[in-house]
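4 protein chains.
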Amino acid sequence: MAQMPHRFTYRVRFRECDPMGIVFHSHYLDWFEYARTEALRDFGLPYKVIQDGGVTLPVVDLAIKYHKSAQYDDLVTIETTPSLSQSNLRLTCSYRVLRSSDQQLLVTGHVTLCFLQEGRSRPVPAPLFLQKALNEG
Amino acid sequence: MAQMPHRFTYRVRFRECDPMGIVFHSHYLDWFEYARTEALRDFGLPYKVIQDGGVTLPVVDLAIKYHKSAQYDDLVTIETTPSLSQSNLRLTCSYRVLRSSDQQLLVTGHVTLCFLQEGRSRPVPAPLFLQKALNEG
Amino acid sequence: MAQMPHRFTYRVRFRECDPMGIVFHSHYLDWFEYARTEALRDFGLPYKVIQDGGVTLPVVDLAIKYHKSAQYDDLVTIETTPSLSQSNLRLTCSYRVLRSSDQQLLVTGHVTLCFLQEGRSRPVPAPLFLQKALNEG
Amino acid sequence: MAQMPHRFTYRVRFRECDPMGIVFHSHYLDWFEYARTEALRDFGLPYKVIQDGGVTLPVVDLAIKYHKSAQYDDLVTIETTPSLSQSNLRLTCSYRVLRSSDQQLLVTGHVTLCFLQEGRSRPVPAPLFLQKALNEG
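Chains as they are written, first to last, in the numbering used here: chain A, 1 to 137; chain B, 1 to 137; chain C, 1 to 137; chain D, 1 to 137.
Heads up, a few of these hints could be off.
Same chains, same names: a pair is fine if it fits in one copy or spans any two.
As the list claims (entries may be wrong) - As a list, the in silico SDA-like pairs of lysine to any residue whose alpha-carbon atoms are at most 20 Å apart: (1) LYS68 to ARG90; (2) LYS68 to CYS114; (3) LYS65 to CYS114; (4) LYS68 to SER101; (5) LYS132 to THR92.
Calculated directly from the structure, the hints in this document are not laboratory data.
Isolated chain A, as found in the complex:
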């Protein structure tokens, strides 16, 4: 069982910084994707394996609050806490982004995804492996 929250360390890139000298706000969503992918991998269920099984995970909704700015070349830690809705139809990942050097909280947010199975028109429950990993944690 993976430890919670999952932690992913990332280096801020020049291309992500804007003329204000800070990370442009949309890139935090990219980092959320990287962290989510690595969290699922650590749970033993790489997103690529889910996808190869004909299941895709489109985003349903998301929200972000910006507290402090990340800057060029900062190391940041993205903490991911995944959980399933009671129906197992939705996966919500809650996020905290911290500057690694001093643990300053930069950003909080969440992304909620659902599970689509190829050939079916309506969302399906999370793969059993993920239900086990998350509900019996």
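Keeping the supplied structure of chain A fixed, place chains B, C and D upon it in accordance with the hints.
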């Protein structure tokens, strides 16, 4: 006085689409930026002019709900409804993204920004021009 | 017959500018894609139609020279001159990016693509429509 | 003295893949930037330190050849070989991108940058530290 909501038409680009064949979710935030910029321009206050006056508008918080997917080469309409908080310290833009061909609602959301003045550590009120345009609309 | 070179006007976005205050160099490739798409559309052969016919156009090689910097909110004109190799196996688009206000040349470059047909392992010749439009122009 | 070529390992992200299921071609330039940054750091001269000294490195020209496609979740190795022009006015980084699992060559290319000093209108020579690291290697 600009008409509300402001409407901005955009063509979905190949680089914005993912292996699911749909627009990757973070790009809607990019479109929100394009639409916000054009809405401010139509209010007679281009963001570049605000910025040249030493004021920057960092994002404070945002949220998005995804209803239907935009796909490659779709024309989409981004509707922007800007409003100031009672204190004039925050600008919230509410968004609706529609597929232009059939007016199908794809995405709703908002982005809230504050006003920072060069050399001051705390947020300042919106430029008067913007207060006039938005509060007396 | 579309006029050559094809011209596409674009507004530089804040998200494309870096802490040097100029457009980050990779985004010119994005603009090349937008301009190429619109050039093909004006030739009567939208890329989406090519793609729906099971043909994809992966990039084979490219090169860019940067002469002057584009900056935030600049209007730029992307000139595209498409041509087919003698074998019709490759499409090369030559580009010039100009600042629209004063026609200052900012960037020159090219992108070469080939044609892949679903179910075939080797590149195929350009669709006839494109051969006609480009070779008899 | 850092070993040449410098090697940087990277995981392909979902947001970088397009509807053909492969990495969109412009993202290799992003990887080149990541690899270049880490190569300079390993030479003892982080780009952020160069930049804090008032020197920026705009891109002058670049070229890329695409041999095979990188795909979602691939691990890739980016090999960077930096060298200075005889005048020390230009830094050229030559790149090879390999799929890490089987060393399949995917992409080759180069990016050439110059050195701009705040307050000067013409390019300046590379910082001495970099001249030493690269010319006496």
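Right, here's what the structure says about each hint:
no. : hint            : verdict
1   : LYS68 to ARG90  : between (29 Å within a copy, 16 Å between copies)
2   : LYS68 to CYS114 : between (30 Å within a copy, 13 Å between copies)
3   : LYS65 to CYS114 : between (22 Å within a copy, 13 Å between copies)
4   : LYS68 to SER101 : within (14 Å within a copy, 37 Å between copies)
5   : LYS132 to THR92 : within (15 Å within a copy, 41 Å between copies)
The structure is consistent with each of the numbered hints, conforming to all of them.
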